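K.L.:
Take a look at the letters that make up each chain.
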Amino acid sequence: MKAFTYERAASIAQAASASAVPGARIIAGGTNLLDLMKLQVETPTRLIDINRLALDVIEDTPEGGLRIGATVRNSDLAADPRVRRRYGVLSRALLAGASAQLRNKATTGGNLLQRTRCYYFYDVTKPCNKRSPGSGCAAMEGFNRIHAVLGASSQCIATNPSDMAVAFRVLDANVETAGADGRSRSIPIAEFHRLPGATPSVETDLRAGEMITAVTLPPPPPGVQIYRKVRDRASYAFALVSVAAVVDTSGGRIRSARFAFGGLAPKPWRIGTSEEVLANAAASASSFNAAANIVLRGARGYGGNDFKIPLARRTLSAVLAQATRA
Amino acid sequence: MEMDTPAGRNALDAAARGWVGKPLDRVDGRPKVTGRAIYAYETMQGPATAYGYVVEASIGKGSIVSIDAQAAERAPGVVLVLTHLNAPAQGQGNHHEAHPVLTGPEVAYYGQPVAFVVAETFEEARAAAYLVRVRYDRAPGRYALRANLDRARAPRVASADSAVGDFDAGYAASPVRLDEIYTTPLQSHAMMEPHATLASWDGDQLTLHTSNQMLNQGRQAVARTLQVPVEKVRLVSPYIGGGFGAKLWVNADAILAAIAARQLSRPVKTALTRQQVFHVTTHRSDTIQRIRLGADQEGRLQAIGHDSYSGNLPSEPTFEAAAMQTRTLYAGANRLTRHRVAPLDIPVASSMRAPGEAVGLLALEIAMDELAEKLDLDPIELRLRNEPREDPERHVPYSSRHLVACLQEGSRRFGWAARSPRPGQVRDGRQLVGMGVAAATRGNPLELSRASVRLGPDGVATVRMAMTDIGTGTYTILTQIAADMLGLSPDHVRMEIGDTAFPQASGSGGSFGAASSGSALFDACDRLRAKLAAAAGVDPGAARFADGRLEAGGQSRALVDLVGASGVEADGEIRPGETLKAFSQQSYGAHFAEVGVDVDTGEVRLRRMLGVFTAGRILNAKTARSQAIGGMVFGIGAALEEGLTLDPRFGFYVNHDLAEYHVPVHADVPEIDAIFLPELDDAANPLKSKGIGELGICGAGAALANAIYNACGARIRDYPITLDKLLGALPTQS
Ligand SMILES: Cc1cc2nc3c(=O)[nH]c(=O)nc-3n(C[C@H](O)[C@H](O)[C@H](O)COP(=O)(O)OP(=O)(O)OC[C@H]3O[C@@H](n4cnc5c(N)ncnc54)[C@H](O)[C@@H]3O)c2cc1C
Ligand code: SF4
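Residue numbers (my numbering), protein chains in the order written: chain A, 1 to 326; chain B, 1001 to 1734.
The shape of chain A in the complex, shown without the other chains (with noise of 0.2 Å):
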């Protein structure tokens, strides 16, 4: 990695103006961070470090939701009695990600904000667009078992990797940021990461110098909470397809239904109309595929993730399945 310096920030307020100087990089669990920086992914030469700011609390908000700070690690959330009762959703999904040793060093904002898994991004020899505007994407011809079927541009095609996010989605969380001008937003969570279009090295709605502070939670929606990742091995692998959902049913019919996909694209994918059609529907194969067709309508391959429009149409049947027998 190159050299760099290191700085502890003393005020939100100071880490945000710091991070605004180019080649700044708020640091927190480091856990992708440093990965990046030793293959010169990243080069940064100023690392501003947010883990002493008091930024690792869960507060109950007025509303009945949660306040998430941005440096909670990813195990200290999911153990959350709170979140584990009302939100379990979260709770298993930061539990399906990672490795308990990443886990202990991962926190909310350094989640959101990782970077893909695209084999190619991380690779400086390669061209990728992500990484390297203009260079072209080595995915698209390549080896794309990993990549999306959904919400990619002819520029790139790299899935965002977390679970939490996607559990985040369904959830509607809300992201909050101070910026290097000492301004706060709240950002929904639907609009914080941005899809490729012609840009993909442009990943969310952060301004420079805009630093994560918490995501906030409303109050739980009713119904069963699941998450469900399907993945190449038992653990420690990243989703091929995820779903969070959230189904609310009664006699056999299912009153309200959300759900999320990991896996599929550059950003957790919820689309409303796919919800719409489950809303008051029997809790039926055929209302389960109406849904999957809408939310898949338009997805397309690559060559080696073709696979994942039949697993994200199945996936999604079985949880559902499993969401309305509960």
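Please note that a few of the clues may not be correct.
[As the list claims (entries may be wrong)] Simulated crosslink set (DSSO-like; lysine-lysine; CA at most 30 Å straight-line): (1) Lys1622(B) with Lys1032(B); (2) Lys1531(B) with Lys1022(B); (3) Lys1032(B) with Lys105(A); (4) Lys38(A) with Lys1032(B).
[Unchecked claim] Listing some non-contacts, in silico: residues in chain B with all C-beta distances to chain A over 12 Å: (5) Ser1063; (6) Val1176; (7) Ser1489; (8) His1492.
Hint data in this document are derived by calculation from the structure and do not stem from the laboratory.
This structure is a prediction, so every number in the text was calculated from the model and none was measured.
Ideal placement from N, C-alpha and C gives every residue a C-beta, glycine not left out.
Could you slot chain B with the ligands onto chain A? The hints should help.
P.N.:
This is chain B with the ligands only, laid out in the frame that chain A set:
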């Protein structure tokens, strides 16, 4: 001693305390878990040590047009940038055991070292390595095995093909026939410790602290490559964090560090990063295997044909010998095995745990399962009907062979009788459940080894040999052998291994390590016994060694009283001999696996697994079981997860890290067990043991593949069996 005749009853059979065989805890366990076991990269040589970092070729084939190291040379801390422009000439001798580095502008494979940056710290070297500017002239490379099959040729060794009887006629005349293609992917050893070396010169004397499995071969290879006398080279490798074949030979880390250390007159240390290991060092070739089996209506094999294709650099002599086990495993009059190797521009293909059998049995043992189904026979019964009475190609007896007992005992313990012969019949919740079986076999070689043992006046025996322990338990079994032979408790045995300053030993590889080094030690101890008996004035044949004493003819003498002030020393040796020719020697076993296939997603998870093995005398019940289980876990990986993905546009392995090159994790490995049935093989060696380091992997993956078929009816002949290959075979969801 030379292994020319079966061992007969010997001192080990009569050992008083019977340490050999006991599940003794690893004697190197405590130093390892307390951090006192020093590995190559941890060896300290003072502040003068500089650190090296390899720059890999980023093209698969072509040549270097220009290499600009100026920016790297000016970078902080950098003391040397080696490239082909300033590297010394090196020798080519016996070249698959070490390769000369930075020999010229040609790039033969992706990841070939093109520069070596040395700096005051590792991070400075790594940062500067990214500043080396290499311009390449790319040439079209041939990378994929399948696309280059037409160029495959017979390897330049006599053993590449075998034929007995008339395969074509036997096959054509068989009423039941199978003809299928099986493929296994490129694999990487993925051992825990990456390759690492600390090189230092003292005048013209080179010492390499390096992670290496076979030190004597390594020493020769280093001497030839660096063109120095072999006596001037010392390799030290007391602890090795796994190898699985990746450290059989000397890799670029050692040669580069040695050259840089000589040039700089200071110690140079280097380690490959995890990502570099995949290209800079060796891997197992992928294979394409065609198996043809012809049987009569009762399931007796009339014809067995196995053609195996693998790939390697044109300059490499080795090939993946995947059809070898087919020559000895089953009976049948008409036989044909052939190996072909395609010249490819890929990194060096070489041995990985059980080279040959590990992937050969993945194919052969699915084929047997398929044949059993065609015959409407239980797959165990099919194997019983093809049990040979002698080696079917060499027509010599087996030294020992208890495959049938392994199959039968395993069947009983595993509950095989409950298996539904028809696939897709058993459900447990959302899983389709199936069982599979496969045979295991692995050749049992013996290699020249020497040992010295010295009993000191303190009553402690010190054993010295250039043997290695790659995490398998060698320290412990050698301790047990010496303890039994000399009548000492294990804490009175001190093992000093891993250093070419000690007597030559086989090293660890090919399942020959324990038998070869242990037999040399047996011989050394036997000679020491004779010296001690002579000192006591008794007939060595009548002497009994126990509890630190020698007893014979009514007299009992403390050993310490017989060794004098300076102790007594003896040297021993084992040489392979006639018994290798007179007998067909293999270890055997049977794997049983039960898998669940997720009915919605096709995810395969192992539910339970049992291996039943025979491998002669078991030297340590605990380390043997660990070896067997470790091999079975390898098999799980081979069946379900492992595979390097070649990108034929670049000639590189896309998934070159452990996040994306999948090996089994704990959650993939539920209840598995391994047992060894009692057996002594006195044609093998004086210990009457056979190799176990690779037996566990042999056939293991095929048991899972067969279980997957039994679970869901999908016969996948293309490893690894990932869920995408099963999706189409899953029932429609209701
Ligand atoms: C082998 C491996 C397997 C993994 N498997 C999974 C998996 O299965 N599922 C999964 O979801 N994840 C997985 N991960 C990823 C892991 O979850 C992330 O690495 C982790 O969540 C990142 O968090 P961190 O705090 O360490 O981030 P860091 O590495 O510290 O930071 C990541 C990025 O976020 C920025 N950043 C961090 N905090 C803030 C903030 N508050 N404001 C602004 N910017 C910030 C940093 O500048 C950096 O760009 C895996 C990782 C590895 C290495
Ligand atoms: S998919 Fe995106 S990240 Fe991967 S190579 Fe293409 S541009 Fe780069």
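K.L.:
What are the numbers of the hints that this structure violates, sorted from low to high?
P.N.:
No numbers; nothing is violated.
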